[in-house]
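A.B. asks: First to last, the protein sequences are chains W and H.
Going by my numbering, the letters in the first sequence line up with residues 1 to 211, in that order.
Going by my numbering, the letters in the second sequence line up with residues 1 to 170, in that order.
Hints are not guaranteed to be accurate.
Below, simulated SDA-like cross-link-like pairs (lysine to any residue); rule was C-alpha separation at most 25 Å, straight line [as the list claims (entries may be wrong)]: (1) H/120 - W/64; (2) H/120 - W/30; (3) H/120 - W/112; (4) H/120 - W/32; (5) H/113 - W/184; (6) H/113 - W/25; (7) H/113 - W/65; (8) H/113 - H/168; (9) H/120 - H/104; (10) H/113 - H/148; (11) H/120 - W/23; (12) H/120 - W/26; (13) H/170 - H/139; (14) H/113 - H/123; (15) H/113 - H/53; (16) H/120 - W/33; (17) H/120 - W/176.
The hints are simulated quantities; they were obtained by calculation from the structure and are not laboratory data.
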Amino acid sequence: MTALREAVVLPLLFLTIALVAGAHIDTRVALVPPSLFSLVLATMLIAALVRSGALAPDRLLHASRSTIANANGAAALFALFAATAQVLAMLTPRTGLPLLFVQIFLFVLLLNTLVAMPDRVRLLRSLAVTLGSALLLKFVVLASVSDPAGSRVSRVLVALFDAATFGSITQNPEPPSAGYLAFFTVAMYLIAVALLPQARPYAHTTELAPR
Amino acid sequence: MIDNMREPVVRSAGLVATIGYAAAIAWLYVTQPQSVAQVTGGFTSAIGAYRIDQQAFDDGLRFFRAGQFPEARAAFARADAAERDGRTQFYIAYTFYRQGWGRVYNDDALFTKGLATVDKAIAVTPGGRLVVDDVDLQMRSADELRAELQRGLTHEADDFNPLKIFRTRK
């Protein structure tokens, strides 16, 4: 990995993702810090990245590296953590049962990924599917359910469903720009994760060498 | 050889840029600006280079003295688009006070806005001590204005005192 990528590209990319993912667009734009649960999920995701070899922390922080190189590595890791927490917070619905279900969904998926120990490529594919599904759920499915300008039939169905679930399904309507912003943020995040320094392949055989 | 020389430069520049960018993002999270003017005003005031639009401020002062409070607020808001000047924010709060003041009862909505604005004025003033040298005002400090607005918003038995109608607007 080049010094340019490690010192400039990765930190600035991840910080930009953290900034954009934290923006809640409503009648006014509010920058919201990640929830505590998002921090837990981010820790799990980074652990999964390390175990799969998609992220080699020793290539960012190591005693053999110079002080400035370690400072760059620490900045990149800090930015990765902030961006991960904000992306997961952005993809989680804000209220009600969807919030609970998506949190459980993400927690179980990440736990499963941690235990399964996939390799780098499989992990990146799995991450794309997980983030993509959460994006679709929040910004397409739930957004259409919560759309106040929907058709009369859909509004009746939603009203019935909402009554049956004590009003815990519908979300505050999101502006269309929120979905586009989330899509580009997730795409940027996946690209940035793919750019992280990966573990070097090494032979870990226990076979005895022939004499 | 050139690459070896360039690497520390790239790393140092990257670190400085990252720290600066992270600090700017943290500042955005804390201050929650709502317009580009507020963002640029915040950064320029941080380095002491923020200036209000003096012409718009003078217009606002003229409207204020003529009792045209909505017009005065519009001019003051134009003068201090970034909401970083304590004196201008003080005058905006004062317009809310004077417009909301009533001999029988006060307009709570305007007083609430006034209180929020005077709090903003105090917050952007270094040290929090804001005194305006204006002989036309009976309350020249943000602390007096704040207390008066808070008194106006408090409902108590004294509100029913009929002699209250003889009080004067400050």
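A.B. asks: For every hint, state whether the structure bears it out.
C.D. replies: Against the structure, the hints come out as follows:
1. Proximity of residue 120 of chain H to residue 64 of chain W is assessed by CA-CA distance (about 50 Å); at most 25 Å being required, the pair is judged violated.
2. Only pairs whose Cα atoms come within 25 Å are accepted, and residue 120 of chain H paired with residue 30 of chain W is accepted, the gap being roughly 18 Å.
3. A hinted pair counts as satisfied when its Cα atoms are at most 25 Å apart, and residue 120 of chain H with residue 112 of chain W does not qualify at roughly 49 Å.
4. With a C-alpha separation of about 21 Å, the suggested pairing of residue 120 of chain H with residue 32 of chain W holds against the 25 Å cut-off.
5. With a C-alpha separation of about 38 Å, the suggested pair residue 113 of chain H and residue 184 of chain W falls outside the 25 Å cut-off, and the hint is violated.
6. The hinted pair formed by residue 113 of chain H and residue 25 of chain W meets the criterion: a straight-line CA distance of about 24 Å does not exceed 25 Å.
7. Restraint check: the Cα-Cα separation between residue 113 of chain H and residue 65 of chain W comes to about 56 Å, which exceeds 25 Å; the hinted pair is violated.
8. Taking the CA atoms of residue 113 of chain H and residue 168 of chain H, the gap is near 21 Å; set against the 25 Å cutoff, the hint holds.
9. Proposed proximity of residue 120 of chain H and residue 104 of chain H is contradicted: the alpha carbons are some 28 Å apart, above 25 Å.
10. Restraint check for residue 113 of chain H and residue 148 of chain H: the C-alpha separation of about 13 Å stays at or below 25 Å, so the hint holds.
11. The hinted pair formed by residue 120 of chain H and residue 23 of chain W meets the criterion: a straight-line CA distance of about 23 Å does not exceed 25 Å.
12. For the hint linking residue 120 of chain H to residue 26 of chain W, the alpha-carbon distance of about 23 Å falls within 25 Å, and the restraint holds.
13. As the CA atoms of residue 170 of chain H and residue 139 of chain H are separated by approximately 7 Å, the hinted pair is consistent with the 25 Å bound.
14. Taking the CA atoms of residue 113 of chain H and residue 123 of chain H, the gap is near 15 Å; set against the 25 Å cutoff, the hint holds.
15. In summary, the hint linking residue 113 of chain H to residue 53 of chain H is supported, as the alpha carbons are separated by about 23 Å, within the 25 Å threshold.
16. Restraint check for residue 120 of chain H and residue 33 of chain W: the C-alpha separation of about 23 Å stays at or below 25 Å, so the hint holds.
17. With a C-alpha separation of about 33 Å, the suggested pairing of residue 120 of chain H with residue 176 of chain W is violated against the 25 Å cut-off.
Of the numbered hints given earlier, the model fails hints 1, 3, 5, 7, 9 and 17; all others are met.
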